[in-house]
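Colleague: Chains as they are written, first to last, in our numbering: chain F, 1 to 212; chain Y, 1 to 212; chain C, 1 to 212; chain Z, 1 to 212; chain G, 1 to 212; chain U, 1 to 212; chain P, 1 to 212; chain W, 1 to 212.
These are calculated hints, taken from the structure and not from any lab test.
Remember, it's a predicted structure, so these values are computed and weren't measured experimentally.
Each residue gets a CB set at the ideal place from its N, CA and C atoms; glycine is no exception.
One thing to keep in mind: the hints can contain errors.
Said to hold, decoys possible - A few chain P residues facing chain Z, derived, Cβ under 7 Å: (1) ALA85; (2) GLY163; (3) ALA164.
Number of protein chains: 8
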Amino acid sequence: LRTGFPEVIWGLGKTPEQIAQIMQVMGKRSPVVMATRIEPAVAEQLEEQIPKLIYYPIARICALKTNEIPRMGGGVISILTAGTADLPVAEEAAITAQLCGFSVQRLWDVGVAGIHRLLSHRELINQADVLIVVAGMEGALPSVVAGMADCPVIGVPTSIGYGASFGGIAPLLTMLNSCAAGVGVVNIDNGFGAAILAGQILRTAQRLQRKE
Amino acid sequence: LRTGFPEVIWGLGKTPEQIAQIMQVMGKRSPVVMATRIEPAVAEQLEEQIPKLIYYPIARICALKTNEIPRMGGGVISILTAGTADLPVAEEAAITAQLCGFSVQRLWDVGVAGIHRLLSHRELINQADVLIVVAGMEGALPSVVAGMADCPVIGVPTSIGYGASFGGIAPLLTMLNSCAAGVGVVNIDNGFGAAILAGQILRTAQRLQRKE
Amino acid sequence: LRTGFPEVIWGLGKTPEQIAQIMQVMGKRSPVVMATRIEPAVAEQLEEQIPKLIYYPIARICALKTNEIPRMGGGVISILTAGTADLPVAEEAAITAQLCGFSVQRLWDVGVAGIHRLLSHRELINQADVLIVVAGMEGALPSVVAGMADCPVIGVPTSIGYGASFGGIAPLLTMLNSCAAGVGVVNIDNGFGAAILAGQILRTAQRLQRKE
Amino acid sequence: LRTGFPEVIWGLGKTPEQIAQIMQVMGKRSPVVMATRIEPAVAEQLEEQIPKLIYYPIARICALKTNEIPRMGGGVISILTAGTADLPVAEEAAITAQLCGFSVQRLWDVGVAGIHRLLSHRELINQADVLIVVAGMEGALPSVVAGMADCPVIGVPTSIGYGASFGGIAPLLTMLNSCAAGVGVVNIDNGFGAAILAGQILRTAQRLQRKE
Amino acid sequence: LRTGFPEVIWGLGKTPEQIAQIMQVMGKRSPVVMATRIEPAVAEQLEEQIPKLIYYPIARICALKTNEIPRMGGGVISILTAGTADLPVAEEAAITAQLCGFSVQRLWDVGVAGIHRLLSHRELINQADVLIVVAGMEGALPSVVAGMADCPVIGVPTSIGYGASFGGIAPLLTMLNSCAAGVGVVNIDNGFGAAILAGQILRTAQRLQRKE
Amino acid sequence: LRTGFPEVIWGLGKTPEQIAQIMQVMGKRSPVVMATRIEPAVAEQLEEQIPKLIYYPIARICALKTNEIPRMGGGVISILTAGTADLPVAEEAAITAQLCGFSVQRLWDVGVAGIHRLLSHRELINQADVLIVVAGMEGALPSVVAGMADCPVIGVPTSIGYGASFGGIAPLLTMLNSCAAGVGVVNIDNGFGAAILAGQILRTAQRLQRKE
Amino acid sequence: LRTGFPEVIWGLGKTPEQIAQIMQVMGKRSPVVMATRIEPAVAEQLEEQIPKLIYYPIARICALKTNEIPRMGGGVISILTAGTADLPVAEEAAITAQLCGFSVQRLWDVGVAGIHRLLSHRELINQADVLIVVAGMEGALPSVVAGMADCPVIGVPTSIGYGASFGGIAPLLTMLNSCAAGVGVVNIDNGFGAAILAGQILRTAQRLQRKE
Amino acid sequence: LRTGFPEVIWGLGKTPEQIAQIMQVMGKRSPVVMATRIEPAVAEQLEEQIPKLIYYPIARICALKTNEIPRMGGGVISILTAGTADLPVAEEAAITAQLCGFSVQRLWDVGVAGIHRLLSHRELINQADVLIVVAGMEGALPSVVAGMADCPVIGVPTSIGYGASFGGIAPLLTMLNSCAAGVGVVNIDNGFGAAILAGQILRTAQRLQRKE
Ligand SMILES: Nc1ncnc2c1ncn2[C@@H]1O[C@H](COP(=O)(O)O)[C@@H](O)[C@H]1O
Ligand SMILES: Nc1ncnc2c1ncn2[C@@H]1O[C@H](COP(=O)(O)O)[C@@H](O)[C@H]1O
Ligand SMILES: Nc1ncnc2c1ncn2[C@@H]1O[C@H](COP(=O)(O)O)[C@@H](O)[C@H]1O
Ligand SMILES: Nc1ncnc2c1ncn2[C@@H]1O[C@H](COP(=O)(O)O)[C@@H](O)[C@H]1O
Ligand SMILES: [Mg+2]
Ligand SMILES: [Mg+2]
Ligand SMILES: [Mg+2]
Ligand SMILES: [Mg+2]
Ligand SMILES: [Mg+2]
Ligand SMILES: [Mg+2]
Ligand SMILES: [Mg+2]
Ligand SMILES: [Mg+2]
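Full structure from sequences and hints, please.
Modeller: Structure (structure tokens):
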């Protein structure tokens, strides 16, 4: 990644030894190193080798901060989920965003089956800078939110569901076909990627400001 | 079909001659005969052969009524669409329901991208007897409606859309995965089947009343 | 859900602690709380924490009844299965319906490969108020039943089968393409959703009666 | 093909000139030459060049018989369809079988939505030698027939239907997952292949007889 | 199934207790009872409860023979496999056929990548009565065999392979699209169904003989 | 849409009369009205009814501007295509962005098969504010660009290609799986949606500036 | 492309004017310019503008040769087809190869359903330098050929077929799963790509020779 | 396989006993015998029975060399990976190639998200004899490499990724649709097949040399 973002290791398909080694090497040249998709058993092994390691169990992220993370001023990343089962993906987004230095606002469990709960947060959505909307099953939340919001919406389909959700295909297609324009979609369960995209959006804002 | 429903001809893949002939034969034993999926050019040919034929161009339905349709008392079938492009499917449902003797209430263009328009019809939805909800693209409307309503909801995915809507697969999956329970789904573009199912639901109500 | 239905927790992807806690909170404001998709090992843990819990092992449902379930008068939900392997899904429907206060009639193992067995129950099907038809493999039963019945039919495809059943896609497509009109389809293995839809159908009947 | 079967040309993707030329060459060495998938306009062009050509418009087959077709004794091929729209495929099977010298029995429009009509032909099915069962939409007919019959059943899915029939995938999967054993499936719309397989079955019977 | 075939239990999704009980009940009225898809551990449990049980480990079939299986005279079922990994499916077919009283000829490992090995068995194929051809990966064997044989060919796709074989979809499509006519296809891994179909084919031969 | 964006009509499935009428109604209350997916023949009919209409033939967009479009200061939307066949989609994005008042920079035909051409525009990519990357066939361009850029990247898969591109599925999956983070994907051929998302990103920048 | 290969224009989705213009520009700097996927009507228009243009109607290729094509010595590209309907794709490969200066050997109509015809060309296959094998429907030919040959085999699936061939998916999967190793697969109907790959293979041979 | 290549056993679905036995039989007639897809636990069992066995743990290959492998002169097989998670597949290719006597050059972790790293190896790619390019997730590397190289490129999609990579479908489609010609694709994760194809390419070079 680029200046200002942490170094990132994709934890899937790597042994704890490999992850620990890469983290330590990277930790020498970067203030923050993070690894995603770390199951608790792997995290325990990593913690033995890297004492200063921090583990975020819901997000399944490990981080090594050798320096204070520089705060990215201006703008908040708001993260919404449709259900509680979508939390691990949403927390992957939230922790990633925070490790990048962004402020995060969380709003869980506002799925479209209970539209009134969502509407009670109308203000928050109207005034958001950038929205990450995480939803499994039918994945309709980003469409409704994009219709209410006046900012970029990042849709994250999750593999939560069964039967005809086909491991996240159903919400993925829903989000790609959103009748409300202004939704960008990332891979199924890719909370990490959503956070980086949201971060890039806020950084663009900051860079444009500096240009002027 | 059974007592009380019209005779129905599925127009796809039949010649105008075949349709006209079947209609005339059936018209002798049934007060209402209807044919679905009739394009305007075919309808014109049919009208030449069957002078009393009525054509509903948006619904693409032809009907021959030799008798007054007996009114099915008690209960209304409410039909909603997400967009105007869903109208042909919704009208197929509406005309079918009317030809079966049911009262129909239409509410077009209340898709989830403009949730306020849908919410302004809250009363109608709350008090509905049975709802047919027609939507293409991401097909999220039935989920939201089922969360607001307290009656059976029939979801009709349409082939309206492009790209990753895959001819209606996207809204079909959305509706099957609805996080709000109480939604029964019919085939893509199957307005006819939705109307028959809604009709069966109201008839069950009437039959139960008679039992008591 | 709405007035008159129990509170429901979707058990998949929740820890026993989470489920127990939500049940106890909900149990304070609702006469019946139920959780679906509860495996035996989880049920045992729940029973330790909630002594009055009832577990239905075939249906994989846990329920907490703080009050007598109010009987929903008028109308019976008839549930059919094609094979014995479809039982868990059918029982999920049956127990859900009973926990909602509805009467249930069960008819197992009447698949279309032995049509005579199905035909021997002709009367039951002819006189049903609402039918839930559960089938895996080729999923042809709802089509045949809908041709015999004169009431709404809810088709529930199951993931029973192998090879080209593709985890329930085969019976799902079969049911969506039913040549007999009047079939509403729910998600693969979604016995719960079928019961709620059937319940809504009977409730509509009752509401219409009250209106008159 | 082998001794005893006609020479066959697959008409798709060949010019009328190519088809006419191949037919005339083959007609010199074989008593029967047939071409499948011949649209009316192509047939007209062929008839100009080959005066003795016979065209079967529903089956879309052209045949050139330079000799009487030798009658294949013993056994009848029974062909059933679910609906009238399946006729072209069923006739492709029927005419192919007849051009091979087999006796054919036709039974149209006995789909499972009206199971009584099928049951009224119980005797015919019980006593069949080999059955070709042609069905589109949900394609449930072969399962039901195979449960009643005591002979090989050949299932032919057709592309008749719309939406979630996906051009014949739905009935194809249905037939492959038939819960009644003894069903062999051929390609979507492949009436020709079904007839050849049925013919091979009857020929096996005759060869076994000769062996003894 | 019908007269002359054993009673069959589909072992998937049944507990050993259920299987044992059904076998014992059926064993009272049928000379042969068999159960398919029985893993070794389940077979051991069954053998404790039913001492006379026979287990075929490769075929994963259990059988209970209370009487000598009546020999079905006339005709042999020839079974071919493309590779050794296809053996369990081929043996499911072979043992089923034998338990039905048919003679079986086995020819393993004659896949198309080494066409000379297949050609060295030309005679066997030319003179077969009915052929079951079992193949995974690309599943090309039935096409080649059907081009050489002059009898019905039953294609059994297997789930052997990886990547783009998609659990058997690749050989399934291959067999359905066979350019050699006369191939009937059964479900992926369905050796049992192939044997029943082959048995029905030989029985038709016998019945036709009796008619004369 | 919201304040500051034009009114938009989705032209697919609407008659020229309908489009013309909606445009005229909307033109009364909005400085810019646009319609997408307008084929040349339809545009001609519209131009007859609305004299001031402007047609962009490559983008297939019609626009009616009753007022000068207010310029959105600060930031440019850079649009890249992999090939020339992707132009209609890219121009849909470009014209939409311009009608919203944004500045647009176009860079056509920089697909990954000729990586040097892309690299010669390194500076442009490095300094972009927001990038829309349009690609069909294998759709690899957004991955490469996102690895070079330090701003949000919007990937637009197109239906350009044949065979295994499956109407745009291939580039869609490529973009969703981008190994470079920071890519948001829209529907196949959805140039319009990409422009709105890019516009929202620049507007967020402007709003954040105002907040300070 | 690189030194030694002609300049190539992909004709799909370009107007005749665009193609003519690009050809003329390229013709100034390259001895051979070719355009693929040119339908006859387009070719006629091109011929009017570019008098020296050569059109290969079966291959649907247009070529402009301003110089003699330099002969690529050493090695022949052998091209096989399963059926006659595969000819356009095979000729696209053949003409492309020839325009690149390679020698081509054609062998049409040697599909696996008539294995003896293929075997009669054993010598040709055994001694080939590189083989392009073109097949639709079940696409089994490359597997059989790769088992016989001792050289690289390039499999080209075609969209020839119907029903479950799914526009070429069936032969594509067959070729990817070939149980004979040494098969490289290109896109459905991509005769052009196969020829370039074959050309690269022969060029590698030549370059290695030069190195020594 | 043919003269000059080792004997190969596909390890999937075989017991250690079966593999050991086949290896020992083959080892008597072939200087090199290898088995693919051997997990560590199986390798340990094999090593007990065959003392001279060599196990390559990353490649998951076992080999038995009874003689020195004859060196295949002339030409090197260059193998590239996009990420480190692709290593097992790349090593399967590398070890297979080496066991066939070819020289191998490895270049790991040059995925397109960091294009500069790839470009720094420009020379290696420009001068390669044959390239095997291994990539998962979006699989874009072969397209970029084929645009830079002037030799045959073999694309190997891997199942590395999650969500919409669908077990390797995403990179498979990407490679089949490569806009750079000259890419031959093998099955998902099929490093073995890629090596054999690369070996055949170099052997063709050698054979052509001998011819002259
Ligand atoms: N959860 C995740 N999903 C998608 N990509 C990720 C994830 N975590 C890390 N990455 C990406 O993977 C790259 C590191 O991959 P690796 O070198 O295999 O550790 C980083 O640059 C990230 O862009
Ligand atoms: N087996 C099931 N299948 C589908 N939906 C269910 C099931 N069980 C419960 N639900 C729904 O899930 C909701 C509760 O989800 P949660 O808040 O995640 O516990 C309820 O309102 C039900 O509508
Ligand atoms: N391996 C198998 N594959 C497909 N169907 C089978 C198999 N084994 C048994 N069957 C069928 O399953 C039926 C018995 O199912 P069940 O009543 O669930 O035991 C039998 O009538 C057989 O037709
Ligand atoms: N990893 C692999 N992927 C694909 N094919 C393989 C692999 N390993 C071995 N093979 C092929 O499998 C054949 C041996 O299969 P088998 O006779 O089942 O051991 C060899 O001739 C190889 O062509
Ligand atoms: Mg918005
Ligand atoms: Mg509701
Ligand atoms: Mg009915
Ligand atoms: Mg039968
Ligand atoms: Mg044959
Ligand atoms: Mg970037
Ligand atoms: Mg070979
Ligand atoms: Mg190249």
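Colleague: Which hint numbers doesn't this structure obey?
Modeller: none
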